[in-house]
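Participant: Those protein sequence lines, which keep their order, are chains S and P.
Here the first sequence stands for residues 28 to 272, numbered as in the numbering used here.
Here the second sequence stands for residues 28 to 272, numbered as in the numbering used here.
In short, the hints are calculated from the structure, not lab data.
There's no promise every hint is true.
For identical chains, the list gives no copy identity; a pair is met inside one copy or between any two copies.
To be verified - Derived lysine-lysine pairs resembling DSBU-like cross-links, with alpha carbons at most 35 Å apart:
hint, residue 1, residue 2
1, LYS195, LYS84
2, LYS111, LYS121
3, LYS195, LYS183
4, LYS121, LYS195
5, LYS84, LYS266
6, LYS84, LYS121
7, LYS84, LYS183
8, LYS212, LYS245
9, LYS195, LYS266
10, LYS195, LYS212
11, LYS212, LYS121
12, LYS266, LYS190
13, LYS121, LYS183
14, LYS212, LYS84
15, LYS84, LYS198
16, LYS190, LYS212
17, LYS190, LYS245
18, LYS111, LYS198
19, LYS183, LYS212
20, LYS84, LYS190
21, LYS111, LYS84
22, LYS198, LYS183
23, LYS266, LYS245
24, LYS266, LYS212
A quick note: this is a predicted structure, and the numbers were derived from the prediction, not measured.
Here's the letter readout for the chains.
Number of protein chains: 2
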Amino acid sequence: MATAKASKRKTVAAAPSSVRPKCAARPVRGKRLARNRRGDTGPAGSIRARNQARILKAAEAVFAAKGLSGATTAEIAQRAGVPKPNLHYYFGTKQQLYESVIRNILGLWLGAMDEIRPDADPAQAIGNYIRSKIRYSRDWPEASRIFAIEIIGGGKHVMGFLKTNLRKLVKEKGEAIRAWAAAGKMDPVDPAHVMFMIWAATQTYADFAAQIGAVLDKNPRADDVFETATETVVNIVLKGCGIAR
Amino acid sequence: MATAKASKRKTVAAAPSSVRPKCAARPVRGKRLARNRRGDTGPAGSIRARNQARILKAAEAVFAAKGLSGATTAEIAQRAGVPKPNLHYYFGTKQQLYESVIRNILGLWLGAMDEIRPDADPAQAIGNYIRSKIRYSRDWPEASRIFAIEIIGGGKHVMGFLKTNLRKLVKEKGEAIRAWAAAGKMDPVDPAHVMFMIWAATQTYADFAAQIGAVLDKNPRADDVFETATETVVNIVLKGCGIAR
DNA sequence: ATTACTATTGACCGTTTGGTCAAGTTTTGC
DNA sequence: GCAAAACTTGACCAAACGGTCAATAGTAAT
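I would like the entire structure built from these sequences, with the hints used as guidance.
Facilitator: Encoded structure:
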């Protein structure tokens, strides 16, 4: 389809002599042609929305496997089924595309945290939080991997998020945990480190899937792996924190 | 020093006209000049050993921060304080240098596992294992990060290690854990998943140091962070597995 | 001192890569 | 139905990169 259409268009720079007049009258360069990125969402751009989604999805896969520097725009474009300039048309530079992908991911991070509230039962709250984090590792492993690579590399694209949103969240949820401990519902653990432990233990099923699959000699995405994983992590964390059920 | 010596050597290709005779009589190409990489160790090559160590150390730092594809040979060479061709002289290609770095890291991995033996006391054995893994995360965070990036990317350079050495190790140590459970010394947990959890919870202090530092608003390498981390992880895992102390 | 080997390095090269451009087509608003 | 805006894309480029080479310098054994 695309090829058929493309064949109609004739190339113009096919002058056999390789002189090329070097574009004497370049467009002013500075006005920048006002890259038309409009309000981003909105019904007026269904083509825009569709293509952006395709490109973002492809970019997610490639960034997850190879990181920012290892990913090539050509591979992302091919995976998305669009020519490379199209990608730049929608997202500007590779950096900006990466930042768009990261922004998507951070939204999901915060959502899962809502489970933990001081008025809830700790076994329910923390248990459900762990379950949802492991489910998330199974269903969106690529998001987790991109985040992991980003943090390992120093996290400079997410430092703002970490120092504001996430820090605040840890403080809030930490208060809940401290309140539970004060009420004798659990041991007086260090809330932040417990959260680090939960994050690590749950995200490892996305980030280190290759290792887990190799060691278990199983498909790491198999249901029984995730069931045993969930059970193990929930049991150890709850019992380890002295939370009765 | 190096510069002073270099200034003595005169360039030879500085013919002002840019013709360059194109090296008509190239050395046969095929005999390959027998890249002299000797037995690798040995006292006869103290220069070799020193330079290889410098380069490996620099490579470790750069690979840990940027991964295989993000690292440039120029940056590694600069960090090592040697010119780029020197790096190729000792290690061949970037790939091969990377594999050398990886090989170094895998050695450390196995060493730390020796702690776990069936005849030991589980609280001691597992507790010490966790302590040594966290210490390792503090002292060699770069090794952990390289390993993490490698696994996230699919682990193709370490798959052999994972499917043989590590799988065997997990099976062996798993037997020990099962034996402890059978003897009533701990709960009947799934050994492999407990190990995954321990690895995740300990390595996170190397791999995710940037996140931990940002959330805690502290230097993530500070002693008190590591002490609280160790205490938290040891307590939760031991208690969570029903191991009395 | 001669020889043989090891180590050092400036200059270079082919390829890959992110990004641009201008000419084209399609869609939208009126 | 037409003009403006949005979208598409082959061809291209400069910079960066991994890697090579041949000339040179240092070192050790005889």
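Participant: Kindly indicate which numbered hints from before are broken by the structure, ordering the numbers from low to high.
Facilitator: 5, 11, 14, 18, 19
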